[in-house]
Amino acid sequence: MSAFRTASGGRVDRARRLRFTFDGRAWEGLAGDTLASALLANGVHLVGRSFKYHRPRGILTAGAEEPNALVTVRRDAARETPNLKATQVELYDGLVAESQNRWPSLGFDVGRVNDLLSPLFPAGFYYKTFMWPRSAWARLYEPVIRRAAGLGRAPEAPDPDRYAQRHAHCDVLVVGAGPAGIAAARAAADAGACVILCDEQSEPGGALLDGAPAQIDGLAAGDWLARAVAALAADPKVRMLARTTAFGYFPHNHLGLVERCTDHIAAPAADSVRERLWQVRAREVVLAAGAIEQPLVFPGNDRPGVMLAGAARSYLKRYGVRAGTRAVLVTATDAAYQAALDLHAAGVAIAAIADLRPAAAGVWVEAARRAGIEVLAGAAIGGTRGGRRVSGVTISGRTIACDLVLMSGGYAPSVHLFSQSRGRLTWSDSMRCFVPSQSAERERSAGACRGVYGLAAALADGAAAGLAAARACGFTGIERGYAVAGESATHQAPGATPPAVADRGKAFVDFQNDVTIRDLVLAAQEGFRSIEHVKRYTTVGMATDQGKTSNLNALGLVAARLGKPVPDVGHTTFRMPYTPVTFGALAGAARGELFDPVRTTPMHEVAVARGAVFEDVGQWKRARYFPRAGEDMHAAVARECLAVRNACGVFDASTLGKIAVVGPDAAEFLNRLYVNDFAGLGVGRCRYGVLLREDGFVYDDGVIARLAADRFHVTTTTGGAARVLAMMEDYRQTEWPGLAVWLTSTTEQWAVIAVQGPLARRVIEPLAAGIDLAPSALPHMAVAHGRIAGAPAMLFRVSFTGELGYEINVPAARGVAVWEAVCAAGRAHGITPYGTETMHVLRAEKGYIIVGQETDGTAVPDDVGLAWAIGRKKPDFVGKRSIERAGIRRAGRKQLVGLRTRDPKIVLEEGAQLADRPGIPAPMKPVGHVTSSYASAVLGHSIALAMIAGGRARIGQTLFVRVPGGDVEAKVTIPVFYDPEGARLHA
Amino acid sequence: MIVGGGGHGLGTAYYLAAEHGLTNIAVVEKGWIGGGNTGRNTTIIRSNYLFDESIAIYEHALKLWEGLSQALNYNVMYSPRGVMMLAHSVHDTQMLKRIMHADRANGVDNEWLTPEEAKAYCPPLEIGTHLRYPVLGATLQRRGGTARHDAVAWGYARAADALGVDILENCEVTGIRRGAGGAVEALETTRGLIRTPRVGVVAAGNSSVVMGLAGVRLPLESFPLQALVSEPVKPVFPCVVMSNAIHAYISQSDKGELVIGAGTDAYNSYTQRGALHVDLHTLEAICELFPAFRRLRMLRNWGGIVDVTVDRSPIVGKTPVPGLYLNCGWGTGGFKATPGSAHVFAWTMAKDEPHPYAAPFSLERFRDGAMIDEAAAAGVSH
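So the sequence lines, in the order shown, correspond to chains A and B.
Just so we're aligned, residue 46 is where the first sequence starts under the numbering used here, counting upward by one.
Just so we're aligned, residue 213 is where the second sequence starts under the numbering used here, counting upward by one.
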């Protein structure tokens, strides 16, 4: 057993010894230890280096508020976690931990030179220097500063661990399982409420884990705790979550909790979940988050061996560790005396208690003196001595040798979650801290987090809050109390005390960020009056502990400096998270295929089997082309294009958005929405529809078929399906609620098989039943119902290729069978499956636009040659007024045209910019840009579509496409390259 | 009078004093200077926009960034670390290449990287095909980068103060008093009446509220936009990476924190906080693209209120009210524009006519339809 471990007591398991290493050196601890308690048990106090001055640092606290003792815990190359607080790292056998921010070693850190040079580096020094010469910041100074900054190293390998997420609902969520939280959970559950009780520590109990010398309901506090916890655990209405931090409080009682499931286990199962995010929606919330002891600010208050009094007591009572052999307590409150008395009783020599209060007196002082401890009232603390460990402290001019300095500036209620919820805080003069005053949510604070201290008071407060929460949920419970005996005499107000210290030496306010009193004074001198400015200028409160041990002291100091009362200075905003939360827990299982749903068409597997290359279009996987052996994309697309132009091709168009618009007012609805006239569209006919935004710019397009007088089948672009439906619903519900029309997304109900090419009719004819395919019966832009290959089908005669074409719509489940039947029927005609790339070439040859490629949110119908689609007799449609505005009618707008490169082999890059003269040096104003560009196999030359200022007036002119290495000459043409008369379409 | 003590407002005051010789200038700020979006953004600076008008004003800003520390004698830590924008689909590729070509024609640096080149420039980036949306390529603007946001507000404030500008914090405008002819006469504030013939409103997310005091309705929507940082780590991320398609925006600060931009909430709001699911979505994207960062931890999250126009471009110029000028609508991308915005707005106020770079961004464009729709090129999906 190590020298600093007590012979008995505490909550560690003395029978289970655990080995661990710190910076490569092997040590031993006990089950139940944290890394911090295990190090202290071995007499190790130097555990880290500070951020800026690289000063040696020890362990300040025993909990989540730790600013100094940051370590990296390494399980393997891919499981390395930086910046963990040693006070929270639970020990397991084989744990490997390393200190951070030091080089070459923790004991000898070259960065320490910053400490000696610190007069050069006060707060904000970097704003005033490093500016000359101009390029030196980014090239010289910044890289040096960056290397010096940062804490641990980021892992380099992908994290293999699993993370999970859960949603949960409850009547009452209780945050914090100390006495107040346990009493609240008990009261709420007894009243019948469904309760979640979470606590960030490895076991419930809070302050009771540090061994309260009292009896509750006739039992020793520890025994009462065990019973209370067992009863809650056995209650089916109560869910207890240990190692679970409530980190965020969002509107409407939505809280984020993160549960650490395996970090305390030596060898977690391979499939286990490392962390779990809980999103809890609670009807009522009870915050019982406790309070955080505050340091005193005096020169050298950061040396290893200077520790919060409550932390030293926690190490002794919970972990059986004496944090030193000879201690001095520096305190400004009664609350810390218990620590000195307990350490004294455990054999730690208490050299003195330096009480900063001028009139220190009362039961605690008497108790200390009875124990033979010297109490120095009205003490002035001059500073500490020592290197990697404190060796002495100067009190009122007298130096007292010691290896442990306990300090206490009182407690600050943990109001973080309360404040996150937008509850209003108020300053308590008596306790010198902020306490909750007015809740913004259905929330109550109980116990120390609202300044109610002492065991009996906390139990009563918690029980009352739990009962009130349950009653607010509609349960009727009865009040019950707890009989507490033997509790130590009531503390005087244990709130934080403003430090009144001479301005010499380094007196740290924010330990991790190395912010001293001088830095705060400097900020005030430089005119920073707002506490938010002081925070940003000095970085106080911005370290990984987010000011849990520094904000209140900083506030007191700034207020004193400005000569204002603290509440007039105010406090900085409390933000989520309460403590840092692993990215992985927030990202959950979303990675790879699970990152975003993959949508596939009914015929997807057929395309996979045929060796298709896919592209992502929104969430969809679409076959881009079907290469044969030895073909690249260019060769495959050329072959597919020629097949469609000369014979027949088959294309999976299932991803097109489809919306059923049904009702007596369906035609009126579409008439108001789209630019086209839909009132006059006959049943069985289709029309190409153009949809504008309110500002008149093209939003979507697609073929719309009238299936019956009161029924339309609307198709949208693949990417536009959801937003068009949303826009339709928006108008239906808010603008035209009087219209009787219903909207249903049918995108995934239909498999859509496009059969395109001069032989398309011959392919489909033998498969069609009950449909007359004769051009007179089913002309271009008509739709018929019947059966195709035995499946009930809607057969559209539509074309996005410029060829005779059909789109077969069959129920999704029949898609594969019909596809195979089409392919079989087409084999004799040379049917060729083609993909989206071929579809793009074919439509570009015909000058058909793609919304989002030819248009970019600034094109009105006329710009892209769609003015013909506008129903002239319609009184109104969405965007009508907008496209009549002055800016829309002015000359020189970009218009859709075609481009033919002088060299037919050059395929322009899409997005390339155009000039009307060659060789204009940048910067210049382009006249337009290439929107689509392909090699056209059927034409034997490249083609491009472009949006060009005043483009239609430029047809026949030569423009110059700006590409690296020179300009490419191109002639402006009409945007239709193939069959401009449309004869093939109507074949 | 300038209403709004953010970077744009303080900068406007500075340029009015420094370049236009105005002497009786004050900035009123309802909170503390730089406490709005200036202090809440992810500090990305770039000028790789799509439309000529946007490129002109953002490039004007970028050129000012390059000498801002020296001009203000305050280190704003402009760091041209390179801004990389990722393409994950054929459509992304088309759009990013169009932007690249447009930038280069306008004399703005922008280049195309293959996935391997992108990985070489940013080693933590995952480019494997196992990604749900693999990286197909990227544009890189090498002059793009980051700056220290607070320093921008403080630097302008200090320089303006030195030129005699009054900066009044905790001074909220409660009314805009207009004379018989409709022109501005005075501002009513929580600290009293201030008579003035010229008012520039630079109030970002609260622009609609302030302009409402003068009876002017704006084509703006205000949304909460969130950002977050990780705990500090040693240098691991050398540049800025943006993925518009999967919503990831990330860089590393000088202090070592990974600075990550999240999206806007769907609903209008003036509360400076957003919903949790927006952050979750952001970190899903970050962890997908940078899987080694999964074990890092979110240290701090916050929200700002962005004022968004229908075409995602700002409004800079005159208003129907004589003497009242407006600079707003920077949406999710205002920080990078700060010096340029302030510079042309000061010019506009001093000369009572729009600076040539500001002219296209008039309020009238919404009436006339001369939109500059940067939605496709904007950093955040709306």
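The reader is advised that the hints may include incorrect statements.
[Claimed, not checked] Below 27 Å or equal to it, Euclidean Cα-Cα: the simulated DSS-like pairs (lysine-lysine) are:
no.: 1; chain 1: A; residue 1: 666; chain 2: B; residue 2: 446
no.: 2; chain 1: A; residue 1: 970; chain 2: B; residue 2: 530
no.: 3; chain 1: A; residue 1: 925; chain 2: A; residue 2: 970
no.: 4; chain 1: B; residue 1: 530; chain 2: B; residue 2: 275
no.: 5; chain 1: A; residue 1: 918; chain 2: A; residue 2: 970
no.: 6; chain 1: B; residue 1: 446; chain 2: A; residue 2: 173
no.: 7; chain 1: B; residue 1: 530; chain 2: A; residue 2: 551
no.: 8; chain 1: B; residue 1: 530; chain 2: B; residue 2: 563
no.: 9; chain 1: B; residue 1: 275; chain 2: A; residue 2: 173
no.: 10; chain 1: A; residue 1: 609; chain 2: A; residue 2: 666
no.: 11; chain 1: A; residue 1: 891; chain 2: A; residue 2: 1016
no.: 12; chain 1: B; residue 1: 467; chain 2: A; residue 2: 551
no.: 13; chain 1: B; residue 1: 467; chain 2: B; residue 2: 331
no.: 14; chain 1: A; residue 1: 666; chain 2: A; residue 2: 1016
no.: 15; chain 1: A; residue 1: 173; chain 2: B; residue 2: 530
no.: 16; chain 1: A; residue 1: 925; chain 2: A; residue 2: 939
no.: 17; chain 1: B; residue 1: 275; chain 2: A; residue 2: 970
Hints in this document: simulated from the structure, not taken from any laboratory.
Structure-based check of all given hints:
no. : hint           : verdict
1   : A:666 - B:446  : 39 Å, violated
2   : A:970 - B:530  : 26 Å, holds
3   : A:925 - A:970  : 31 Å, violated
4   : B:530 - B:275  : 25 Å, holds
5   : A:918 - A:970  : 39 Å, violated
6   : B:446 - A:173  : 24 Å, holds
7   : B:530 - A:551  : 53 Å, violated
8   : B:530 - B:563  : 11 Å, holds
9   : B:275 - A:173  : 21 Å, holds
10  : A:609 - A:666  : 64 Å, violated
11  : A:891 - A:1016 : 17 Å, holds
12  : B:467 - A:551  : 22 Å, holds
13  : B:467 - B:331  : 23 Å, holds
14  : A:666 - A:1016 : 36 Å, violated
15  : A:173 - B:530  : 36 Å, violated
16  : A:925 - A:939  : 19 Å, holds
17  : B:275 - A:970  : 19 Å, holds
In the structure shown, a violation is registered for the earlier hints numbered 1, 3, 5, 7, 10, 14 and 15, in ascending order.
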